[in-house]
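Q: Quick mapping for you: the protein sequence lines, in order, are chains F and L. Once you know that position 157 of the first sequence is 157 in full-length UniProt numbering, the rest is easy, because the numbers rise by one and skip nothing. Once you know that position 132 of the second sequence is 132 in full-length UniProt numbering, the rest is easy, because the numbers rise by one and skip nothing.
For the record, the hints were derived by calculation from the structure and aren't laboratory data. Keep in mind that a hint or two might mislead.
[Claimed, not checked] Here are the simulated BS3-like pairs of lysine-lysine, each with C-alpha atoms no more than 30 Å apart in a straight line:
(1) F:LYS178 with F:LYS149
(2) L:LYS187 with F:LYS178
(3) F:LYS149 with L:LYS187
(4) F:LYS149 with L:LYS31
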Amino acid sequence: MAETDIILSVQGLTTEFSGDRGDVRVLDDVSFDVGRGRIVGVVGESGSGKSMTALSLMGLVPQPQGRVSARSITLDGQEISRLGPSAMRRIRGRDIAMVFQEPMTSLNPVRRVWEQVGEPLAIHHGLGRRAIRARVLEMFELVGIPEPKTRLDAYPHQLSGGLRQRAMIAMGLICEPKLLIADEPTTALDVTTQSQILRLMRDLRDRVGTSIILITHDLGIIAEMCDEVNVMYAGQLVEQGEVFALFDQPAHPYTRGLLASIPRATEPRAGRRMPSIPGMVPNLAKLPPGCRFNPRCGEVMPVCLRRDPGLTAAGTGSGPGHTARCWLHSPNGGTA
Amino acid sequence: MTSPSAPLPADAIEALEEASFLRDTVRAFRKNRMAMVGLAFVLLLVLGAVFAPWISPHDPYRVALDEQLLPASTTYWLGTDNFGRDVLTRILYGARISLVVGIVPSLISLMIGTMMGILSGYLGGRTDFVVMRLADMMIAFPSLLLAMVVMYTLGANLLNIFIALALVGWASVARVVRSQTLALREKEFIEAARANGTARITVMLRHIFPNVVPTLIVLFTLAIPEAIMWESSLSFLGVGVQPPEASWGLLVAKGKEYMFQAPAVAIAPGVAILLTVLAFNFIGDGLRDALDPSMKD
Numbered sequence: 001m002a003e004t005d006i007i008l009s010v011q012g013l014t015t016e017f018s019g020d021r022g023d024v025r026v027l028d029d030v031s032f033d034v035g036r037g038r039i040v041g042v043v044g045e046s047g048s049g050k051s052m053t054a055l056s057l058m059g060l061v062p063q064p065q066g067r068v069s070a071r072s073i074t075l076d077g078q079e080i081s082r083l084g085p086s087a088m089r090r091i092r093g094r095d096i097a098m099v100f101q102e103p104m105t106s107l108n109p110v111r112r113v114w115e116q117v118g119e120p121l122a123i124h125h126g127l128g129r130r131a132i133r134a135r136v137l138e139m140f141e142l143v144g145i146p147e148p149k150t151r152l153d154a155y156p157h158q159l160s161g162g163l164r165q166r167a168m169i170a171m172g173l174i175c176e177p178k179l180l181i182a183d184e185p186t187t188a189l190d191v192t193t194q195s196q197i198l199r200l201m202r203d204l205r206d207r208v209g210t211s212i213i214l215i216t217h218d219l220g221i222i223a224e225m226c227d228e229v230n231v232m233y234a235g236q237l238v239e240q241g242e243v244f245a246l247f248d249q250p251a252h253p254y255t256r257g258l259l260a261s262i263p264r265a266t267e268p269r270a271g272r273r274m275p276s277i278p279g280m281v282p283n284l285a286k287l288p289p290g291c292r293f294n295p296r297c298g299e300v301m302p303v304c305l306r307r308d309p310g311l312t313a314a315g316t317g318s319g320p321g322h323t324a325r326c327w328l329h330s331p332n333g334g335t336a
Numbered sequence: 001m002t003s004p005s006a007p008l009p010a011d012a013i014e015a016l017e018e019a020s021f022l023r024d025t026v027r028a029f030r031k032n033r034m035a036m037v038g039l040a041f042v043l044l045l046v047l048g049a050v051f052a053p054w055i056s057p058h059d060p061y062r063v064a065l066d067e068q069l070l071p072a073s074t075t076y077w078l079g080t081d082n083f084g085r086d087v088l089t090r091i092l093y094g095a096r097i098s099l100v101v102g103i104v105p106s107l108i109s110l111m112i113g114t115m116m117g118i119l120s121g122y123l124g125g126r127t128d129f130v131v132m133r134l135a136d137m138m139i140a141f142p143s144l145l146l147a148m149v150v151m152y153t154l155g156a157n158l159l160n161i162f163i164a165l166a167l168v169g170w171a172s173v174a175r176v177v178r179s180q181t182l183a184l185r186e187k188e189f190i191e192a193a194r195a196n197g198t199a200r201i202t203v204m205l206r207h208i209f210p211n212v213v214p215t216l217i218v219l220f221t222l223a224i225p226e227a228i229m230w231e232s233s234l235s236f237l238g239v240g241v242q243p244p245e246a247s248w249g250l251l252v253a254k255g256k257e258y259m260f261q262a263p264a265v266a267i268a269p270g271v272a273i274l275l276t277v278l279a280f281n282f283i284g285d286g287l288r289d290a291l292d293p294s295m296k297d
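Chain L extracted, bound-state conformation (with noise of 0.2 Å):
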């Protein structure tokens, strides 16, 4: 039982104090050790890009034509690129761009998607009509050409590569809701929400959208690292990130011409994707257990 009153003794008082799920959620959550480390990791993250100018050993932006391409050293960690440019110092700087890039999009795709989805699943006819066409539109599209022109028309800054790839990623986090919607809406407790009176609003917010959660944690640790490639893309194509700035695609990008003399010019942001996407799914695997009550016991 996960009522913290439990084992008292009865009194009504006590009774009345309900259980409190954020609680619940999170010492569910610190017992996956898995999960814990995976926080760990993206905060120390968070912490080296927030405080990237104090904590780099170097300028991410000074060029020494005299030091390209060196091995790594005392002094440049992870070696230089073509540039003469620290990549440490690199990485972290490409960290600031990377994380919000993986994260503010997939958010945003992830909250359009779940709206849209559970409309279209709940309440079916015209709307799922309309709301589907519109997806089959931006699946049908060429996403990294839709994504391209909204750069291109939009202009290559950071705001334009969310609205880019939210517009890009809603779709697919749809069809997945709208799914999952369609099985929900015909479970039993629906049908008792709706014998209670239950407004259809209230049914899509209380009974419906609690049960895609989990759904969505997987959705979302797969949209980080899959919105980071598209960033890499876009930046690689010339209309995302524009150098010298920085961002993890890119450097991968720009380094791989330089596999063969400095190969961890490409390979370290590499890493840092890999590390930072491995990350991730593990907090995302820890908050669908912890979020899933009957794994809390």
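So here's chain F without its partners, still in its complex pose (with noise of 0.2 Å):
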């Protein structure tokens, strides 16, 4: 890929916490590009650190308790990582954007619709109001709004909750941002209105370009919609590929248990336990030494419990672009 055609480099991102039991690492590490265009998925269980990923780039973590670094965050060429609140803030809603996961409590009960979803063409171009109601006018004919006129007006409560959802993507999109983060985007909703965001989303992907990083915990979802992903496990990535690489071969152990434990409605259920990966997500405080899958690991190594693998090409036959945190891909296998 050439450099141009990346919109988000990120390199070494790292997040910590200081709390009252000393300092949690809740990523470690994080390096990942999105291509212009293109859709990247995030996924992992809860607590692997997604979500935090997705706050850590946008300047969001909560301080002063959080501390973020990074070995360099490019956003369309332009060095983000050391700048300060304040030129945070203008790059957030203007140039990176986000979807939240709830959309009934992600809009202000006690303002109207169109207000809120043109706030950031206030916030960020200073355009008057009616401006901007032409403007989310247009957005939410975009997104998919029935009676849009209607509705600019409208309480959040007296949308349903995929029209919200709607309303908060045109509201991510409205200052034509670089890159839009959905950070489970359709979790809250239903299964008919899920599809129709995730539709719209590609739709929108396709007709003005943004690109998208996507974090879910729903596998469906990446292969559905996402060019790439990234799968997270404990506050690192463990595994990165091209979705057909991944989906075709999953190289790491625990990407290949998230695989399992998706439900099939084709195979016979009798008698058979539904597949799910052991244990849990460790505690960020108190990690197991060497791979931090060890503990829940089916193919654990001695050198498992010794040293971290890193992130190493996964194999043959794959892409070069396929990455996977784990000794059985290791060029000097479990002997190091």
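Hints in hand, dock the two standalone chains.
A: Spelled out as structure tokens, the structure:
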């Protein structure tokens, strides 16, 4: 991929929280790229660091407990990892926008929808009320809100969950950001609405060309939507790759576990337990030595208990961009 | 749908005309009968207070020792007090002070308390610590003593009553608003606002404040009677309104000595306080419902 085709490049993103019981590293050396007009998925269990990745990129990690550092984060060629709070604020909503998980609570209940959807325009472009209203109307049409004119003055509680999420997407896209981060945008919606919202996002990517980071725990959504996938576990990336390579040949036992635990309607159910990954995501303050997945891994080797394998190419047959953090694929194998 | 353009055929110009929040609120308020009754009562009271010199049947300060503690009659509708002054006239004049004392300091302490509470809750950290310790001090200190000290050092007049009451009142408002702000701060719409690049001051004004307003209205309707009571306590102790001026609290305080000979002297201003407080409560209820968008349909 050519350098100019990368809209966001994250190198060594690390986020730590200091608490009563010492420091906890919730993100550890996360690096990935987002290509222009691409949809990049971030997948993992609860507590794996997906949402924290989004908040760290946006500069929204709670202060002063949280500390974010990175070797470099470039957005469309501009280094943003060392920007101060006010410079970061000018980027939020204009260059990077975010859509949240809960459409029911991500709109202020006492303010009219159009005022909220248009707020980024007021903040970043200082537009007047009529201009904003006209633009919000356009955006409502773009995101497929029926009867957009009558919905402008609605309050959030007068809209259904699906409409609210459309409004949130309209708000995210209203300043035509370079990057949209969608944090579990469909988790709170019912299944038919889910697919409408996903189709809308893919549609908008095709028409407007926005690059999207899609955070989800649902591999089905990843398969349907994404070009590339980042699998996270306990604050680290454990596998990265093109979506087809990763689904065809999952390299990390964790990814395989995730794929195996998708229920399939076609398989006989009688007498069989639904497959799942045993154990739980480890407490980030008490990580096991070596590979963080070793207590739950079915293929654990002695070396896994001693050293972290690091991200390496995920074996033969896969594309060049396919990497995994596992000794099974490390060039010097389990002998190190 | 509240939009007035809703049933009209689609027309771009029409849609750009935004619905008026004020108009919607007024309409919702007018539908609430109790609130309208309360508003009418308060308006009547305000008119009575303003035009007291013209409409009151007697001179509020004229002493007539041969007409002490008379029962209600056609001349003296509510009887006379221990100096032979007409009780109804005294109540009308008392309304001038009691209404102002009820409303103005409540507004001041509400404004200070809201500002402090939102700043404290939203910014947290050192701001929170300083503001809340200040509020703790205010609450820990006996408030009557504090108000008396203020009145004593600054002198007994109306402006100083405002200062004393605001000083006593803001701390509890700040605490309530702070706790609400703490809850609101974690809401996703605040995070969404921040993700839009909204500045902190804008988040506080545009997103936190409107959500606190219903609470403020309730606090306000509770603060008015409290302020009237405080004024009467101060007046009773001799550092508030000075006789022969009349305030409702003072009237009740002085009148209770003649409870058995002429109960109306104490009870009538007491009833005035009760009705006023009730009226403000109805208005507050109506306002709170009218301001809540989810109740407007």
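Q: State for each hint whether it applies.
A: Comparing the hints with the structure gives:
Distance hint between LYS178 (chain F) and LYS149 (chain F) is fulfilled; the C-alpha atoms sit about 27 Å from each other, no more than 30 Å. For the suggested pair LYS187 (chain L) and LYS178 (chain F), the alpha carbons sit about 26 Å apart, so the restraint of at most 30 Å is met. At most 30 Å may separate the alpha-carbon atoms for a hinted pair to count; LYS149 (chain F) and LYS187 (chain L) meet this at roughly 28 Å. For the given pair, LYS149 (chain F) sits about 27 Å from LYS31 (chain L) by alpha-carbon distance, which is consistent with the 30 Å threshold.
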